[in-house]
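In order, the protein sequences belong to chains A and B. For the first sequence, this note's numbering gives the first residue as 1, with consecutive numbering after it. For the second sequence, this note's numbering gives the first residue as 1, with consecutive numbering after it.
It is worth saying that the hints were derived from the structure and are not from the lab. This one's a predicted model, so the numbers in the text were calculated from it and none came from an experiment. The hints are all genuine.
Pairs count within a copy or across copies, as identical chains cannot be separated in the list.
As a list, the in silico SDA-like pairs of lysine to any residue whose alpha-carbon atoms are at most 20 Å apart:
no., residue 1, residue 2
1, K27, A367
2, K27, D38
3, K217, E133
2 protein chains.
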Amino acid sequence: MSAAAERLIEIDAIMLEVGRSARAAAKTLALAARPAKDEALKAAARRLFATERQILTANEADLAAARASGVAASFLDRLTLTPARIKGMADGLEAVAALPDPVGETTAAWTRPNGLAIERVRTPLGVIGVIYESRPNVTADAGALCLKAGNAAILRGGTDSFRSSATIQSALAFGLAEAGLPEDAVQLVPTRDRAAVGSMLAGLDGNIDVIVPRGGKGLVARVQAEARVPVFAHLDGNNHVFVAAGADLAMARSILMNAKMRRTGVCGAAETLLVDRAVAASHLSALVTDLLDAGCVVRGDAETRLVDPRVTPATDEDWRTEFLDAIIAVRVVDGLEGALAHIDAYGSHHTDAIVTADEAEAARFLAEVDSAIVLHNASTQFADGGEFGFGAEIGIATGRLHARGPVGLEQLTTFNYRVRGTGQTRP
Amino acid sequence: MSAAAERLIEIDAIMLEVGRSARAAAKTLALAARPAKDEALKAAARRLFATERQILTANEADLAAARASGVAASFLDRLTLTPARIKGMADGLEAVAALPDPVGETTAAWTRPNGLAIERVRTPLGVIGVIYESRPNVTADAGALCLKAGNAAILRGGTDSFRSSATIQSALAFGLAEAGLPEDAVQLVPTRDRAAVGSMLAGLDGNIDVIVPRGGKGLVARVQAEARVPVFAHLDGNNHVFVAAGADLAMARSILMNAKMRRTGVCGAAETLLVDRAVAASHLSALVTDLLDAGCVVRGDAETRLVDPRVTPATDEDWRTEFLDAIIAVRVVDGLEGALAHIDAYGSHHTDAIVTADEAEAARFLAEVDSAIVLHNASTQFADGGEFGFGAEIGIATGRLHARGPVGLEQLTTFNYRVRGTGQTRP
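Working from the sequences, and respecting the hints, build out all of it.
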């Protein structure tokens, strides 16, 4: 057998053991009462402060190795931990502890004519695999959400953050032990070998129930293509702002500028502006000029290019592109129908907004755009679990099954039916 | 290129076209109002009666071919249509028409401190693939449920029922056309070639959102192993009745007999009886004797075999087996803990019941058994969408994602978030 094949078998064996111990821990965690889970999170938060020195030392080693390999400055920034960022993680753990426990909640209850009382009750999903890049803080954020929802987590962070993530996972394990819960409930994949990701995507012999990828498009695309277990994710956030015939110009300008420029690198950022031909003469120039003046590159159709010589031609590819940058594609469309057709053809089913004072127009947009989040007279940048009031999120999903939109604690649970009778038999 | 490879490419092309036309139809159906969907179902029901002659003729041809190939009598029975069975299908269509429309229902609504009003609204899943055996009535049942929930359906029935299923699908297409809806919303796979199933399992280039297999374990296992899209299914219904320390003997006898013997071939049938050692002396003999006297084969552990010489030894394999027949495995366990451990080790997470007058014991069983359906003092044979009040079901799922337990209309929908603002931007 080749060395490579032997290595794969070895990694598979290591990962299978991770999966089995996670499953065993999940069974205990599923029955844990809220106080134990909250105490684990709070103890982990305290431990982050108590071990700040070790965390920063590990992070310095990660950073030194990453610098030596010549990574980009933005990569180093995401990898860097500071006392303030450690406090941010600890605050995050406390915030998750303060959230209501979704487990055990009765989401429906009814009684049948034969007297059977049926309840639908939230239960944990089981074991959640999280695959992320070299952002060590995700270790705390994702681990905390999985734990609070009663799940075990198998965390696989970027290899460049291995030492940092290990110290953070240690704090979570410490917290679990303090609360009398199994330390295996939040595990970090114990090898940097990339083959471990392949093992996770194959499902660890039924010991992973869902995988959440957190990172760039390359990571998400690989996970979606190869995973043999369900995935909560979105590949693209190619989001539209449609300025409709009934739009108030001042509101449209304010919403568009926020949707595009507040933060250009988030998945809720707007990537295409659609303007109804009916208001192009009155609205288009101001909308486009605002963006240009703010330093945004504008790629437009023929009519948009007439507005300002700085507008460059948009290609078909631009309508499909999530720029994640200060770039926007702009098109004049024929009414609501034109906007719906464009979004249907080019959209990514993530987040789309209409600006209009016409309620009927808004109602049709909200009913007919097939996206996880549709907004009327509000910025697309509200596409966020925190903004939805979910307290925290592990990501945003554009899949249609189970989780759609912001993935918070509730989406990390499943349910079962609990039926109480008095001796009923079926005729 | 070999003839076999050419055939695969041809089938893939045919199926891709089925998928694309289903997706297009799904977009129209998603926006269809309830009256149109209900009219389509009622018109299809009328059409079944109007074309009864053609349906029976097609069915006779299917039956003749199946007889010639020497299939089992039970297979022929499932394949056979009669005027009464056609009426049963038509009544089923009418019953689905009478069910509430799940699409558009607001399942949650709240307002954020910034004034954003967020609603969570049910929307259709999209395109549902149904793969079933030679039971032509599934064509009507599954097609109707998908249609009512606003989905397009791609139906792939057993090859031996091809002619019968085609006539039934024609009635559904007729109903859709009568109601002004796209006929492609309910399609039957237009080839008997088994390669079509492979195409469906690969997802038809993103044009199938979920697959529902309906049939025996071989079919379900293949679909679960090979599908690249989500599957709603259960492989096994290895269900337990636990007669606990607090069980009333008369109630336990009644529930057990119903759970095992009412119909032995349904997925909600009990397959293993667990009896608490505390009541073995008082309860075990009566429970086992009832079953034996009713013609049930009893395979028991050492203690159960002492009850009656007709009890044969149970093997480890028996604890894992869904007999779907008049056979039961019986074991004496040490209290609730023993029952929980047995079910955790051998169960299939489908349906499990406890019989006890002790509320605390029942509460622990309901909370700790990780099955889609858990019952207290009621027969496992209530595991059925109709019995739950769902009106109809397309199957029972033991997966943890999206659908769990009976899969009715609601489980054939997804949701999105609709956000209404007054110009809010994100700070």
